[in-house]
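> Same order as they appear, the protein sequences are chains A and B.
For the first sequence, position 91 (counting from the first letter as 1) is numbered 91 according to full-length UniProt numbering, and the numbering increases by one without interruption.
For the second sequence, position 303 (counting from the first letter as 1) is numbered 303 according to full-length UniProt numbering, and the numbering increases by one without interruption.
Read the hints as simulated data drawn from the structure, not as lab findings.
Some clues are possibly wrong.
[Stated by the list, open to error] Computed list of lysine-lysine pairs in DSS-like fashion (alpha-carbon distance at most 27 angstroms, straight line):
| id | chain 1 | residue 1 | chain 2 | residue 2 |
| --- | --- | --- | --- | --- |
| 1 | B | K113 | B | K132 |
| 2 | B | K113 | A | K200 |
| 3 | A | K200 | B | K132 |
| 4 | B | K203 | A | K200 |
| 5 | B | K20 | B | K203 |
| 6 | B | K107 | B | K132 |
[Stated by the list, open to error] In silico contact screen, one side only, chain B against chain A (beta carbon under 7 angstroms); selected entries:
| id | residue |
| --- | --- |
| 7 | M79 |
| 8 | F81 |
| 9 | A99 |
| 10 | Q194 |
[Unchecked claim] A short list of chain A residues far from chain B (calculated; beta carbon distances all over 10 angstroms):
| id | residue |
| --- | --- |
| 11 | Y70 |
| 12 | I145 |
| 13 | A212 |
| 14 | I217 |
| 15 | I298 |
Just so it is clear, CB atoms sit at the ideal spot from N, CA and C, and this is done for glycine as well.
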Amino acid sequence: MSFTTLDQGAEVTAAPPGARRRSAFPLLAPSVSVLLLWMIVPLAMTLWFSFQRYNLLNPEVSGFAGLENYEFLVTDPDFWASLTNTLILVGSVLVITVGFGTLLAVLFDQPFPGQGVARVLAISPFFVMPTVSALVWKNLMMHPIYGVLGSLARAVGMEPVDWFAEYPLLAVIVIVAWQWLPFALLILLTAVQSLDHEQKEAARMDGAGPVAQFVFITLPHLGRAISVVVMIETIFLLTVFAEIFVTTSGGPGNATTNLAFLIYARALLQFDVGGGSAGGVVAILLANVVAFFLVRSIARRLEV
Amino acid sequence: MATLQLRNLRKSYLAHEVIKGVDLEVADREFVVFVGPSGCGKSTLLRMIAGLEEITSGDLLIDGQRVNEVGPADRGLAMVFQSYALYPHMTVRDNMGFALRMAGVPKPERARKVAEAARILQLEPYLDRRPKELSGGQRQRVAIGRAIVRNPRIFLFDEPLSNLDAALRGQMRIELARLHEDLQATMIYVTHDQVEAMTLADKIVVLQAGRVEQVGSPLELYHHPANLFVAGFIGSPRMNLLEARVLGADGAGVMLEAAGARLTVPAGGASRPGAAVTLGIRPEALRPDPAGAFAGEVRLVERLGGLTLLHVTLVGGEAVVVQIEGSDPTPAHAPVRLGVEGAACHVFDAEGQALPALGRHPLAA
Ligand SMILES: Nc1ncnc2c1ncn2[C@@H]1O[C@H](COP(=O)(O)OP(=O)(O)O)[C@@H](O)[C@H]1O
Ligand SMILES: [Mg+2]
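Please work from the sequences and hints to get the whole structure.
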């Protein structure tokens, strides 16, 4: 009995690998073709347009442009400003969310009354859509006349700050960080909770105080979770758009224009599809470079 | 020098009392084992000693000093956890040196102490590995090494061998006994395994539901259990317990009738004729004997090679287990008579307390 089943198993695995791949192809075909339509076609079209003279205001001027769109892009000071803004935005939000997220995760892990409610409250910003939260921050929090921050400043006798005029990029960073903090908190909290209790007790017996326990036990344990947060957030933060569109529209000047907003401005405000596509290709390259390094560093961490 | 005293120690979680007043003296260099069924509070008691659980009431004294309010790191104790609780991202060397590093011990001295502990535990080839690159037994040794390096006054172990397979457990048991002898340290060891308790302990503390049932040397507990719980818990296979009736008492002991047999057990205490008691006989004290007091029929024979277990149903319908030589030829379904020495029997009153034996066993003085 057991011999026959063994034999059957051997036959299946003994089929030549080529034949197996061929026989599986019809089954893979639907998902492969959907993926192709979904990813390759838009990518190819973006690449194609980025080499075209294609301005909606000037339909007669068309045809192959060579590297003109790219040249125009890299010689445009707005482009470099937007690249810098993108990196500052991504970097600051990562630092804020991972930093505060870790701190809050450790605090929320301690038992205290009302813990359940506090956790839900801390996580809820994630469920507010970006346009809404940006509007709330713009009009109810940071507005120099109607905003809560302005009222607070006046209450202590200080001049209210016009955030979007004086510190526009910082204001955008605050809004985006507020939205992404819950995500970091959620992932890091589950990681903190998965820390073996006896490890912390062993550290206590070994004479480690709260700070030493955090540094030597908790933080290394969180390494993996932190790199996952960094990777996922980076992917989304490179494309922040709604918050900027709703609050500053990239201004004043180009102070809050990131790459995503620049592409939008080129293609849909200046109707330069070719130039916008060139920006898009740069964005794709940037995302891939970042992803390459992140995935490599995380893969190394996951092995540990 | 390291002695430990517990005085009416209690622990409550909210309204739920888990440790219900424990008194205990641990002498210097003594190996004390806490045994008891799962959930009886062994770990809680150990963690109270370690300082990881707050003491609700009572006093804990180390070397005569009250340490209830002293933090776990400052009590001079080291603990080996059931899960080992090694720091996964540190090498074996860093794991063992962590406490010294926290104490601000300079690097060369740290290295020397870690090397010394590694030598004792034969861990030298593994010093640069991470815990996950070690086998269960090696991890166990690292956990012990982490304790040794601190040179503690008292070692605490919480079921340290329960995650190992049977063969390794036997080996580590011997290593622990050797370690105790080499280090000349006071050790407190928690287990639910009575073999570990019997083999390692100078003194066994039997716990049940947060109370101490009996404290004594292993053979004292084996030969003179204080009550039914200890009698049933120590010894494998378990002690046979038969319903019995007191016929009378004199200078030679109490006369009993149980399962249709009469016998005299050299035990004292006030027992009225007619009182219902429990007669306890260890399986190894019973033996087939044509002139024996008990009559019955063998229902099942378990031959373990060196030993044979006879499952016998006595005349009254009560079942007993008899442990005899593996060479005994008694077949299943045969009628047998079983004999027993009165001195090897135990009598428990209606409350389950043992009647005091008139003579002490020579090994359990
Ligand atoms: N943190 C806690 N809160 C409430 N009850 C607890 C807690 N820790 C242990 N207990 C209870 O204390 C009792 C003893 O537990 P423990 O000391 O772990 O038993 P064991 O003898 O198996 O080591 C158990 O009934 C357990 O439910
Ligand atoms: Mg336990």
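> Let's test the interface hint: is any C-beta of chain A closer than 7 angstroms to that of F81(B)?
Given a least distance of 5 angstroms, the restraint on F81(B) holds.
> Verify the proposed pairing of K107(B) with K132(B), using a straight-line Cα cut of 27 angstroms.
Holds. K107(B) to K132(B) sits at ~25 angstroms (cutoff 27 angstroms).
> For I298(A), is the shortest CB-to-CB distance to chain B above 10 angstroms, so the non-interface label stands?
16 angstroms, holds
> Close enough to count: is the Cβ of A99(B) nearer than 7 angstroms to one in chain A?
4 angstroms, holds
> Assess, step by step, whether the Cα of K20(B) is no farther than 27 angstroms from the Cα of K203(B), and give holds or violated.
Answer holds: K20(B) to K203(B) is near 21 angstroms, not above 27 angstroms.
> Would the hint linking K113(B) and K132(B) be met if the CA-CA limit is 27 angstroms?
23 angstroms, holds
> Given Q194(B) as an interface hint, is the shortest Cβ-Cβ distance to chain A below 7 angstroms?
25 angstroms, violated
> Closest CB-CB distance from A212(A) to chain B, is it above 10 angstroms?
6 angstroms, violated
> Holds or violated: are the alpha carbons of K203(B) and K200(A) at most 27 angstroms from each other?
Violated, at roughly 31 angstroms.
> Take a quick look at whether K113(B) and K200(A) sit within 27 angstroms of each other, Cα to Cα.
Holds - the C-alpha atoms of K200(A) and K113(B) are around 23 angstroms apart, at most 27 angstroms.
> Does the claim that Y70(A) lies off the interface hold, with its Cβ farther than 10 angstroms from every Cβ of chain B?
46 angstroms, holds
> Is the Cβ of I145(A) farther than 10 angstroms from every Cβ of chain B?
52 angstroms, holds
Checked against the numbered hints listed earlier, the structure breaks hints 4, 10, 13 and 14; every other hint is satisfied.
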